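Undergrad: Residue strings, one per chain:
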Amino acid sequence: MSDERTPNLSRRQFITGAAAAVASLTVAPGVFLLKTSSASIPDSPGTKPGARWGILIDSNKCGDCNACVTACHEENGVKSLNRPRTDAQWIRKVEITDRATGHSRSLPVMCQHCEHPPCADVCPTGASFRRADGIVLVNKHTCIGCRYCMMACPYKARSFIHEPLEDQLPHAPRGKGTVESCTLCVHRIDRGERTTACVEACRKDGNGAMVFGNLNDPDSEISRRLAQYGGVAIRADLGLNPGVRYQGL
Amino acid sequence: MTTKTHFREIEGRSGGYYGLLALLVIGIGLGIIASLLKGTYGHYITGMDNQIVWGLPHVFAIFLIVAASGALNVASIASVFGRKLYKPLAPLSGLLAITLLAGGLAILVLDLGRPDRLIVAMTYYNFKSIFAWNIFLYTGFMAIVLVYLWFLMERRMNRYSTPVGYVAFVWRLILTTGTGSIFGFLVARETYDAAILAPLFIALSFSLGMAVFILTLMAACRWTNRPLGDVLIGRLKNLMGVFVAAVLYFVAVYHVTNLYATRLHDVEAFMLLHGGIYPLLFWFGFILLGSLLPLLMVFHPAWSKSRAMIASAAGLVIVGGMAQLYVIIIGGQAYPLDMFPGYDVSSTFFDGVVMAYTPSMVEFMLGIGGVALAFFLVVVALKFLRFLPENLSDEKIDPHHGGTQRSEGTETAAAGA
Chain A
1 MSDERTPNLS RRQFITGAAA AVASLTVAPG VFLLKTSSAS IPDSPGTKPG
51 ARWGILIDSN KCGDCNACVT ACHEENGVKS LNRPRTDAQW IRKVEITDRA
101 TGHSRSLPVM CQHCEHPPCA DVCPTGASFR RADGIVLVNK HTCIGCRYCM
151 MACPYKARSF IHEPLEDQLP HAPRGKGTVE SCTLCVHRID RGERTTACVE
201 ACRKDGNGAM VFGNLNDPDS EISRRLAQYG GVAIRADLGL NPGVRYQGL
Chain B
250 MTTKTHFREI EGRSGGYYGL LALLVIGIGL GIIASLLKGT YGHYITGMDN
300 QIVWGLPHVF AIFLIVAASG ALNVASIASV FGRKLYKPLA PLSGLLAITL
350 LAGGLAILVL DLGRPDRLIV AMTYYNFKSI FAWNIFLYTG FMAIVLVYLW
400 FLMERRMNRY STPVGYVAFV WRLILTTGTG SIFGFLVARE TYDAAILAPL
450 FIALSFSLGM AVFILTLMAA CRWTNRPLGD VLIGRLKNLM GVFVAAVLYF
500 VAVYHVTNLY ATRLHDVEAF MLLHGGIYPL LFWFGFILLG SLLPLLMVFH
550 PAWSKSRAMI ASAAGLVIVG GMAQLYVIII GGQAYPLDMF PGYDVSSTFF
600 DGVVMAYTPS MVEFMLGIGG VALAFFLVVV ALKFLRFLPE NLSDEKIDPH
650 HGGTQRSEGT ETAAAGA
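Chains A and B, in that order, are what the protein sequence lines are.
So the first sequence is numbered by our numbering: it starts at 1 and just counts up by one.
So the second sequence is numbered by our numbering: it starts at 250 and just counts up by one.
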């Protein structure tokens with residue numbers, strides 16, 4: 001024991017000291033910096049307390065047009081770089097053909113804004129989250145770009161930004177190395193508007209196949225239509241209760 | 250009573266040592282270049298895209314992470330199952346566990362879209378995410394194995410090494426369960442979403458970890474002219490054989506269960522029959538080269554006497570493991586999501602299409618970088634600390650080695666438990 005008190009730092013002491021230093025450097029930020037990092041997000045005055053925003057899509061009315069896709073990508077500054085494999089798509093038209101009957105249809109698919117979103121479940125940092133009004137978003141400040149949410153999403157609704165971007169729009173922050181998807185035009189809702197770019201374009205330039213509204217308000221158009229004609233969820237078997245519903249499937 | 254084992258640093262002054270070190274530094278350099286390229290140009294320079302979101306780097310990373318937990322088994326057999334024979338190997342086993350994990354984690358972190366946000370990953374946690382749990386499992390594993398190594402190598406602390414060995418063993422089982430569950434918890438994809446992936450990954454960690462350990466031990470002893478007896482190598486290769494068989498068992502149960510369910514027939518046909526590269530890698534890479542052939546090599550009465558044969562078998566187990574992880578990770582994503590059962594689906598976003606994936610040089614460089622980092626750490630650690638026993642000859646490690654044949658059966662059974 002007493003031999004240890006020699007002035008020369010033994011290798012063993014050095015390693016023990018170094019290990020302790022590394023350990024404290026690793027743990028310290030977690031212990032001390034957590035408090036300062038919890039910046040508060042101001043309440044969004046534009047959304048409606050108690051609302052759950054959703055979209056109803058009538059696939060019988062939806063035709064060959066692409067108005068919703070064009071409008072969404074223009075609204076949010078999502079541009080094609082002519083690299084289909086890696087280009088982001090927040091909304092896409094999917095053609096489906098019944099194998100048994102040969103009957104074909106076309107319908108838009110985007111983030112389904114699930115009540116129980118698998119993307120938010122698997123996100124290690126909590127960057128994927130669901131707002132109180134049902135909108136599922138990615139916090140662009142805390143997304144580390146691990147893409148686990150893309151593995152988990154049953155709707156293939158998310159895109160990863162594969163290259164540097166320029167000229168992003170202030171209301172739709174996007175950046176290389178993070179994941180993104182349909183925001184249900186959250187910037188519009190927070191301004192107090194009650195429609196999304198895709199629904200607006202469908203009504204104006206398309207076939208009027210889409211309705212936006214508050215699923216929690218029984219008097220809203222979307223709720224009345226759902227009550228009258230019904231509506232189904234894609235992959236309803238997963239029990240995620242998505243905010244986007246379809247008719248005619 | 251076993252005679253006392255002497256550990257000594259390797260000399261590390263030969264041309265061969267510096268040559269190996271230089272080779273590994275080049276490998277690490279390739280990894281750094283790859284991550285800089287990715288950081289500058291983004292992931293579009295890789296083969297990954299919006300459909301195959303995890304690619305070759307993840308195959309390398311998960312291989313290393315799984316092998317890391319398995320590499321600790323030799324130490325566990327000594328501490329937890331009380332087999333004194335393996336005790337001289339425990340420090341090397343712990344060292345490999347730490348370095349392989351470090352290599353794997355380096356790949357995972359450098360493949361993030363925003364590796365600069367590592368501090369975010371360490372300060373923001375969503376505890377419903379198995380990924381978040383894994384961050385604790387991995388860092389905790391490193392810390393526990395470091396303490397374990399300290400207790401093993403510091404004579405005053407030796408008596409505490411057994412309880413820490415228990416903790417490390419249980420922790421590594423949980424860790425590999427966590428790694429398997431990264432896939433097991435993905436409810437949306439047919440090839441994942443199975444609880445059996447967790448035990449499958451545990452079995453895989455046993456076989457891959459043992460294969461890496463055998464090759465490292467053989468190389469280290471050969472290159473430093475330290476005797477390595479047939480008794481030890483014989484035990485280790487038998488264990489590897491048992492673990493390879495265990496992996497085959499779990500893979501068989503996984504596929505037979507899936508084949509029973511009609512809704513999974515299409516995806517099973519894709520993975521096992523007409524999916525192009527994936528069935529090829531599965532049958533030829535994993536089953537034949539990575540399992541059946543090594544089993545024959547390590548259990549054949551005459552072949553298994555040859556060191557070259559045992560080393561080749563370990564190499565093949567590693568090749569097979571890589572093939573299997575490639576099939577699980579990339580094949581599982583290449584098969585399209587079944588959003589509309591009973592419908593043919595198409596879109597500009599590649600819905601309903603089997604996605605082609607060609608790994609890029611950048612991804613390969615990143616993977617090699619992680620492997621090189623792991624072994625760089627091993628090679629440096631062996632020079633500066635006493636990880637490697639001076640003598641592992643049969644007479645040295647087991648004076649009664651005439652009677653070893655008798656206990657071989659119980660040894661294997663205990664370790665496989």
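Calculated directly from the structure, the hints in this document are not laboratory data.
Since the model is a prediction, treat every value here as computed from it, not as a measurement.
Glycine included, each C-beta is placed from N, C-alpha and C at the ideal position.
Be aware that one or more of the hints could be misleading.
Covered stretches of chain B (in silico footprint by chain A; criterion: 3 or more residues with CB under 8 angstroms from a CB of chain A, positions within the stretch not fixed) [what the hints assert, rightly or not]:
hint	stretch
1	261 to 274
2	433 to 440
3	461 to 471
If you anchor each label on the Cβ, the simulated ranges turn out as follows [what the hints assert, rightly or not]:
hint	chain 1	residue 1	chain 2	residue 2	range
4	A	Lys79	B	Leu537	17 to 27 angstroms
5	B	Thr388	A	Ala227	44 to 54 angstroms
6	B	Ile368	A	Glu115	46 to 56 angstroms
7	A	Gly239	B	Ala518	41 to 51 angstroms
8	A	Tyr229	B	Gly389	34 to 44 angstroms
9	A	Ala236	B	Leu508	17 to 27 angstroms
10	A	Arg83	B	Leu508	56 to 66 angstroms
Undergrad: Now look at each hint and say whether the structure bears it out.
TA: Now the hints, each set against the structure:
Proximity of the stretch 261 to 274 of chain B to chain A, defined as three or more residues with a beta carbon under 8 angstroms from a beta carbon of that chain, is not established by the 0 residues found. Only when three residues or more bring their CB closer than 8 angstroms to a CB of chain A does the claim for the stretch 433 to 440 of chain B stand; here the count is 5, and the claim holds. Chain A is given as covering the stretch 461 to 471 of chain B, and this is violated because 0 residues of the stretch bring a CB closer than 8 angstroms to a CB of that chain, at least three being needed. Roughly 48 angstroms separates the CB atoms of Lys79(A) and Leu537(B), a value that falls outside the hinted 17 to 27 angstroms.
Roughly 52 angstroms separates the CB atoms of Thr388(B) and Ala227(A), a value that falls within the hinted 44 to 54 angstroms. Evaluation of the 46 to 56 angstroms hint for Ile368(B) and Glu115(A) yields a failure: the beta carbon distance comes to about 32 angstroms. In this structure the hint that Gly239(A) and Ala518(B) lie 41 to 51 angstroms apart at CB is violated, the actual value being about 28 angstroms. Remark: the range hint 34 to 44 angstroms for Tyr229(A) to Gly389(B) is contradicted by a beta-carbon distance near 54 angstroms.
Checking the proposed 17 to 27 angstroms range against Ala236(A) and Leu508(B) shows it holds: the Cβ atoms sit about 26 angstroms from each other. Between Arg83(A) and Leu508(B) the CB atoms are about 38 angstroms apart, so this pair departs from the stated range of 56 to 66 angstroms.
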